[in-house]
Amino acid sequence: MTSPVIETKDLTKDHFSHILRRRFRAVDGLTLTVERNETYGLLGLNGAGKTTTLKLLLGLLRPTSGSASVLGYPAGDQRALGRLGFLPENPYFYSYLTGGEFLDFSAEVFGLSAPERKERAQGLLKMVSMTEAANVQLWKYSKGMLQRLGIAQALINDPEVIFLDEPMSGLDPIGRRDVRLIMLKLKEQGKTVFFNSHLLPDVNEVCDRVGVLHRGKLVADERVATISGGGSYRDLEEYFLETVSRAEAERQAAAVSK
Amino acid sequence: MNRVLPVIAIARNTFRETVRDRVLYAFVVFAFLLTLAGILLGSISVGQDLRILEDLGLFTISLIGGIIGIFVGTSLVYKEVERRTIYLIVTKPISRWQFVLGKYIGLASCLLVVSAAMGAFLFAVVFLLNPDHVISPLMFESLALIYLELLFVVAVATFFSTFATPVMSVVFTLSVWFIGHFGQSLRELGRLSHSPSVAKFFDGLYWLMPDLARMAQIRGDLMYGRQPPPELLVFLCCYVLAYILLLLSMATVVTERREFA
Chain V
2 MTSPVIETKD LTKDHFSHIL RRRFRAVDGL TLTVERNETY GLLGLNGAGK
52 TTTLKLLLGL LRPTSGSASV LGYPAGDQRA LGRLGFLPEN PYFYSYLTGG
102 EFLDFSAEVF GLSAPERKER AQGLLKMVSM TEAANVQLWK YSKGMLQRLG
152 IAQALINDPE VIFLDEPMSG LDPIGRRDVR LIMLKLKEQG KTVFFNSHLL
202 PDVNEVCDRV GVLHRGKLVA DERVATISGG GSYRDLEEYF LETVSRAEAE
252 RQAAAVSK
Chain W
35 MNRVLPVIAI ARNTFRETVR DRVLYAFVVF AFLLTLAGIL LGSISVGQDL
85 RILEDLGLFT ISLIGGIIGI FVGTSLVYKE VERRTIYLIV TKPISRWQFV
135 LGKYIGLASC LLVVSAAMGA FLFAVVFLLN PDHVISPLMF ESLALIYLEL
185 LFVVAVATFF STFATPVMSV VFTLSVWFIG HFGQSLRELG RLSHSPSVAK
235 FFDGLYWLMP DLARMAQIRG DLMYGRQPPP ELLVFLCCYV LAYILLLLSM
285 ATVVTERREF A
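These protein sequence lines map, in sequence, to chains V and W.
For the first sequence, my numbering assigns the number 2 to the initial residue and increments by one for each residue that follows.
For the second sequence, my numbering assigns the number 35 to the initial residue and increments by one for each residue that follows.
FYI, nobody ran anything at the bench for these hints, they're computed from the structure.
Be a bit skeptical, because a hint or two may be false.
[Stated by the list, open to error] Quick look at which bits of chain W chain V covers, simulated, 3 or more residues with Cβ under 8 angstroms: (1) 40–54; (2) 113–121; (3) 126–138; (4) 192–199.
Don't be surprised by glycine CBs; every beta carbon is placed ideally from N, CA and C.
The whole structure should be built from the sequences, with the hints applied where relevant.
This is the structure:
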């Protein structure tokens, strides 16, 4: 059996408020694994800890306790970073660069040669339907265009694992469909995709497995096929809402008993 | 993987961003106007018109280069964090030292181009006023020393930009620059005070901060046609480069320790 591509063990992250240093637990004892070629969707309400989890997996944040690894390396390790791609939520770019220049820059940091960079950039711009905007400076891009460019830069190194933070946010229905198709294509190519989203119909369509995060804790982890084929739930939305309601009720009951 | 390529990529990116910022051109135009003002000042002097033009021109390059270096440098890393573009950098196989060095080289290259453009403008104005006037090679040495000081200023600004807001970084950088130029005076001021701790404090500052006043003094000598010994210039270069290396290393350590929430 091969080792998981993404693995966290009892991963915990505390944030502290600036002045009073009050502690807030953003991720609480998270243990999960994502296997190769799996598309994993992390669901949760706002503030559930989804983005924090992603940042911990990428090494942008350091865990308070527990561990996280990607491709067998500790989170943030350069050897893993060279083999993964990342799209942040509402990505920000260098506004004075053109789309083409930004992709060239993204490819250059991976050490690709000039012809390789050009070929990759052109291919990806075509894939995200942005060829015509390649020479336009980024401050002129719409939110949807930035999101598409963000996906292109996340794939510039032909990564094995792709982390996407709210990849459909800010996109119109056509944009969302295009991203879904890209994600399905990535799956066909054998990539592992880990993403956060609020848009449950899209998650339902592309994910193999979902995890539900509530107040930093993983309260459910289930295969999408099981949810939709089990007959207990009408759809993923019902599953999600019921899971979150149950988790919240249990949390409140535990708080009362304390 | 080649460790230099990411540095070059970040440097080129920073250079592009900086030269495409229109504010830079406003400063350069201002520098040209200030240089031209040297013609007016020179015309009211007796037989020293070109001399005054050259003096003012070099002062302008130093001033405008310093302003650009401080204002761009102090937001160099801070802006990346604030605008969250850093997410796209540190999640790629780029070490923090590569990031800091790339940002620094990008701005330093931009300042090199700007200083060269301002210098070329000054020499062109001098040539137009008097085609027979031979520009002394010492002027170029003086220009190189100005650039060396700018490199130091950018390193200070880069260091502060890793943890302080741009406003605070400007204050800190100007303070370092001020102490560097007037460290000796501050030291003497401290000795005049009755408190030994004040004297020790200013003594400490004097030894900690680079002696920029010495550099300004050598520039003055060059302007008066006095060539300093070559070993002094080599020492000065090594001295400033050591400070730059120290500052960039500290900037790397700070960036290394940071989390990006």
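**Message:** Checking each numbered hint in turn, tell me which of them this model violates, lowest number first.
**Reply:** 4
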